[in-house]
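**Q** Listed below, chain by chain, are the residues.
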Amino acid sequence: MNRFLWALMMIAAGCVFLQGCDLLTDFPLILNGSVEASKIRVDLATPLPIQYRDSLSVDLNEVKTSASSDVDSVRFYNMTVRIDSNSTPNSTISGSITVDGDTLVTLTNMKTSVFSSERSIFSTSIAGWKYNAVGVGYLVQALRKTPAPTVTLGLTLDQLSQPIHCSIHIKVYGQLFVKNK
Amino acid sequence: MNAVPANRIVIVLAAIVVGIGFSHTPARAQNAIEDAIQQLNSDAVKGYVQPMITSVGADLNSGVFHSAEINDGLSLKLELVAMGTLIGDAQKMYSATAPAPFRQSPVQTSTIFGNEGTIVHGPVSGIDYQFQNGQLKLSIVPLAVPQVTVGNFFGTQAVIRYIPIPEVNNFPKSTFFGIGIRHSISRYLPGVPVDLAGSVFYQKISIGDLMEEKTMSIGGQASKSFSVLTLYGGLQLESSTMTLDYTYKGYGAVGAPHVHTDINGENTVRATLGLGLNLIILHVSGDVSFGNVTVVSGAVAFGI
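Protein chains in written order, with my numbering: chain A, 1323 to 1503; chain B, 325 to 628.
Hints may be right or wrong, so weigh each one.
[Said to hold, decoys possible] Each pair of labels, with its calculated beta carbon distance range: (1) Lys1501(A) / Leu599(B): 51 to 57 angstroms; (2) Asp1365(A) / Asp367(B): 56 to 62 angstroms; (3) Ser563(B) / Glu1358(A): 24 to 30 angstroms; (4) Tyr526(B) / Asp1392(A): 37 to 43 angstroms; (5) Ser563(B) / Asp1422(A): 42 to 48 angstroms.
[Said to hold, decoys possible] Interface residues of chain B toward chain A, partial, derived using beta-carbon atoms under 10 angstroms: (6) Gly371; (7) Gln456; (8) Asp569; (9) Lys573.
Rather than coming from a laboratory, the hints here were simulated on the basis of the structure.
By construction, the Cβ of each residue, glycine as well, lies at the ideal position given by its N, Cα and C atoms.
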């Protein structure tokens, strides 16, 4: 009798175990991935009569490798600009940010203090800030490649009437689709 | 009664644990559920995991009693209680808002029990944001726990639950503990034709490294035995609260922001109806509870 009872208990446990199997859906887990370009430090003590240009390389594959999981695909969904170490918050700037020569976003008479927090290039609530679909499309396609390439982000500042001392951070965001099984 | 050797209990529990252990899928670098939670800020995580919190809480608050009869004298029962909260369509969707710069109006998307996350289109063709996909494929959230009921002194008995659960198919490792007391009300109402009892129960389950859920219930039960059958039922007030403690890794996370939030389960009251079969030392019972969610429960018990 006792063995029978224990057998029943084991069957019950087995049922619970079977119910617990195959818990996960087939839908991929979506993780946030990002790569932040090394900051661009701008120190211009005097007004600038000509354009200021700087550039840096960004390995877009780092968006994918920012997650330790087995990433199946990446989808670009945002790019942000943030300015810190800013001792000239009231200075205004105009210019553009480019990717491999294609314009991503243009700036027109914007105070540097606007970027004290992360600002999306797609934000429509900031006066003087406008994304360019061609550059965005280039970035979308670049992130779809395997492996994603290294791109050159360029910063161009037009004539400055005030000194500028700040660091500019550019961050690229992607959604990482991770295989569940 | 026939004493049940402690080592046999250990063998059964070990068998459950070992059985689960063999079912492991190849190890992932991270746990899917915990990964999914860490992608959500404190606002979004509430809707995404709310059904899991409610269902786990409802599970825990189930299967405590299978009769209201508590007669003085030594009583010891060893039980395996299995319970499951049914997951309906209402538990598969919630309202959420995509991060800026996407449209800031709420959309319906999948909870942890849902299907694919909703895709929100951005300002440029090809710029889309997809909400987290559902990660758990369950129509019922199951839980099984060993339970010991010991008493009865002055019409009172204690109920204790405990089990460590290893990681199962990416459901995080968990530790579960519960303790409660039940007291006979019939002893004060000898003329009442049914047995009556009351109970208070506290439980805690730690799920992985990020989640801890605590439940509390207070209830009244009634039962009537007909030969080997016992018809029982009860009303119960209950609460469940999950504390989530994690590092946010989603969009806009700067400097590893910490999220600490308490989320309450939605099941706060239930009515239970069940039937038990009592064969000397073997007791088999099953019941169903109705509240904000529906819970089914079954138990096999040995003892007197």
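**Q** Hints first: check each against the structure and report whether it holds.
**A** Results for each hint:
The hint said 51 to 57 angstroms for the Cβ distance between lysine 1501(A) and leucine 599(B), and at roughly 45 angstroms that hint is violated. Between aspartate 1365(A) and aspartate 367(B) the beta carbons are some 39 angstroms apart, a value that contradicts the proposed interval 56 to 62 angstroms. The beta-carbon spacing between serine 563(B) and glutamate 1358(A), approximately 43 angstroms, falls outside the hinted interval of 24 to 30 angstroms. The given range of 37 to 43 angstroms is respected by tyrosine 526(B) and aspartate 1392(A), whose C-beta atoms sit roughly 41 angstroms from each other.
For the pair serine 563(B) and aspartate 1422(A), the supplied restraint of 42 to 48 angstroms is violated, since their beta-carbon distance comes to about 57 angstroms. Because the beta carbon of glycine 371(B) sits about 16 angstroms from the nearest beta carbon in chain A, more than 10 angstroms, this interface hint is broken. With its C-beta approaching chain A no nearer than about 5 angstroms, glutamine 456(B) sits inside the 10 angstroms limit, and its interface hint holds. With a least beta-carbon distance of about 19 angstroms to chain A, the hint placing aspartate 569(B) at the interface is violated under the 10 angstroms criterion.
Because the beta carbon of lysine 573(B) sits about 6 angstroms from the nearest beta carbon in chain A, less than 10 angstroms, this interface hint is met.
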